[in-house]
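As given, the protein sequences belong to chains A and B, one line each in that order. Sequential numbering of the first sequence, starting at 1, is according to the working numbering. Sequential numbering of the second sequence, starting at 1, is according to the working numbering.
It should be emphasised that the hints constitute simulated quantities derived from the structure, not laboratory data. The reader is advised that the hints may include incorrect statements.
You can't tell identical chains apart in this list, so a pair holds if it fits in one copy or across any two.
[To be verified] Restricting the straight-line Cα-Cα distance to at most 25 Å, the calculated cross-link-like pairs of lysine to aspartate or glutamate (DMTMM-like) are:
1) Lys69 x Glu179
2) Lys69 x Glu356
3) Lys69 x Asp336
4) Lys92 x Asp300
5) Lys92 x Asp366
6) Lys69 x Asp250
7) Lys92 x Asp306
8) Lys69 x Glu369
9) Lys92 x Asp336
10) Lys92 x Glu356
11) Lys92 x Asp53
12) Lys92 x Glu72
13) Lys92 x Asp290
Number of protein chains: 2
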Amino acid sequence: MATLSTLPTPALVLDRAIAARNMARMQGHLAGVAPGVLFRPHLKTAKSIAVADMLFDGARLPITVSTLKEAELFGAAGFTDILYAVGLSPQKIAPVQALREQGINLTVVTDNVAMAAAICAAAGGELPTLIELDVDGHRAGVGFDDGAALIAIAAALGPNFAGVMTHAGGSYALSHPDELAHFADQEAARAATAARLLEQAGHACRIVSIGSTPTGNAVRNLDGVTEFRAGVFMFGDLVMHGVGVCPLEDIALSVLTTVIGAYPERGLVIVDAGWMALSRDRGTAGQAVDQGYGLVCSLDGQVLGDLIVLQANQEHGVIGVRPGATTGLPAFSVGDRLRILPNHACATAAQHGRYEVVAGSPAIVDTWERFSGW
Amino acid sequence: MATLSTLPTPALVLDRAIAARNMARMQGHLAGVAPGVLFRPHLKTAKSIAVADMLFDGARLPITVSTLKEAELFGAAGFTDILYAVGLSPQKIAPVQALREQGINLTVVTDNVAMAAAICAAAGGELPTLIELDVDGHRAGVGFDDGAALIAIAAALGPNFAGVMTHAGGSYALSHPDELAHFADQEAARAATAARLLEQAGHACRIVSIGSTPTGNAVRNLDGVTEFRAGVFMFGDLVMHGVGVCPLEDIALSVLTTVIGAYPERGLVIVDAGWMALSRDRGTAGQAVDQGYGLVCSLDGQVLGDLIVLQANQEHGVIGVRPGATTGLPAFSVGDRLRILPNHACATAAQHGRYEVVAGSPAIVDTWERFSGW
């Protein structure tokens, strides 16, 4: 049987015990805050039927996706209640309708009248659509309190109008529990405000969908909300650690790598995990602790002091001590193995075609395919 | 027939006419400087048999690769003279030997005595190995003038010793033609110095391999060098443009995308190409002109003033005018199509499973698979 010592490197390692624990904790927290609110996990991080099977214990619960490819493949695997949470373009109406004809109850989003009108023209009343809200100036969306704009879009959608959704991506920039809790409550309250404005104008808001991993762990009040979404929480990563919602021991993903050169005189070690295996994500660069291209652990997952991946080329990672740290570089030899915790689970996982699954020990207990593309 | 207007987005577009022109120019330059030096293109950017067929006009010339997966797949397609240019680890000796037994003349590299001894113990004299040199403090390698270290490794390699190689990655930090030419000549001279030190100690240096895209375009003197490698030149990108070796019109790769939201009041447009389609590479961030996550072009490939991708989430790209620019945002509508020139061709291509091939017009003339993984 393969183990972390024998697997070809680089490889993406998923500890399923940690991921299952992360899933149970998020479900438990949300159920405690608001038992009537639907939890709709985002599977853009996982992109794997086997991971979904593990997370949901084989059930086919409502999910969120970021591409039509995800909708297609999770739909084919039996997930029939799917929110495609990226603004629709006119060219994607026909593919969405084709998926719905296969029995997938796909809900879409838009934030503008032109697209709403295109949906209504193409779909009659057959395509449930949420209006995307801006609650924090993060990215897309209609201002949550811009009643005129909201009502105009709902009117253009006609019978396709199903509710509102938002993603409080601004929460990623926070790091204090009080800030996160406030932000989470604000996200819920603002989405509820938009829903109220629409309801008052006669547009029944069946769905009020919010969520992000940082706010999911912090939210205290979901009044007026019908469903909550989060994705990266299931694997965790160093960015979420920097935001304060993920202890290092809750990070379920790592990249297994092998030392190919040791340079104690320069304080550096080179491994066979470069950016192709780690991704180019530098999401911790703007946080209080910059983790370079990843934090270095021993084969059994113990963090090795202040060792980080300082530099990454395509297939070379350069490991050394974090700038400013006083600890030295441990002695490494060519052939030694290490595990790198990723900055951003979504980006690192996307560099790999499969998960090598462990369950708290070095044995590889399973290999799970993951998909990519659009 | 599919065109740039009908293709599902996001998609990776390769203009084969531009790539072929880039290939011809690099070959021509190197042949002009030193007709006896072998050109050994690096296929880590392309990762596609069809691209190799196009570049080499069907021939099976010597190539460079960055993974054993590339060696295996290009080998199976008939490329039998392959340099695996990433330092070997002990665990990879057996897979390399297996590929050699399939008739692939695979050459490997190392920069340390421990690995050299492991190669000699495992392979007898059957595994041609180059000593990796450090000529610019960039990454791996033995100091090019450290005769004692070089000779110790060559001795440990025994009959496997085949020569020296280096990659002057430091050239990526330059931007002036004179600097590049000097750096290129220095790379050649330093590799030749290492070879001379080894020859003087009785270790025949059959191969002296150097190269990078910036130095490939600039090198004037290849005395003492037997082969030259370069990879990203075939596609070009914004980083190479910043280095000064690639006019924008020589960039053969772009990401096709569709507008999903327009916010003229905020000066922003959102498209369906986020970092999943563009990569997280921010290689131009440290250059004189920061191109964000990519430079925006019209559907026919014309650069649209100072429009760049300011921000990237997984499936959302936020386009706006470059900070400091005085031009305004053109009017865009949902459904409009754009093309994004990538910072780093290797990283952006790696996000996609295929190339949609054009030849200077909107028609998609072919679709070429590309591979990934290790």
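How the hints compare with the structure:
| no. | hint | in the structure |
| --- | --- | --- |
| 1 | Lys69 x Glu179 | neither (36 Å within a copy, 47 Å between copies) |
| 2 | Lys69 x Glu356 | both (23 Å within a copy, 18 Å between copies) |
| 3 | Lys69 x Asp336 | between (38 Å within a copy, 21 Å between copies) |
| 4 | Lys92 x Asp300 | between (45 Å within a copy, 22 Å between copies) |
| 5 | Lys92 x Asp366 | between (36 Å within a copy, 22 Å between copies) |
| 6 | Lys69 x Asp250 | neither (29 Å within a copy, 32 Å between copies) |
| 7 | Lys92 x Asp306 | neither (47 Å within a copy, 29 Å between copies) |
| 8 | Lys69 x Glu369 | both (15 Å within a copy, 17 Å between copies) |
| 9 | Lys92 x Asp336 | between (48 Å within a copy, 13 Å between copies) |
| 10 | Lys92 x Glu356 | between (34 Å within a copy, 19 Å between copies) |
| 11 | Lys92 x Asp53 | neither (28 Å within a copy, 34 Å between copies) |
| 12 | Lys92 x Glu72 | within (13 Å within a copy, 38 Å between copies) |
| 13 | Lys92 x Asp290 | neither (39 Å within a copy, 32 Å between copies) |
Checked against the numbered hints given earlier, this structure breaks hints 1, 6, 7, 11 and 13; the rest are met.
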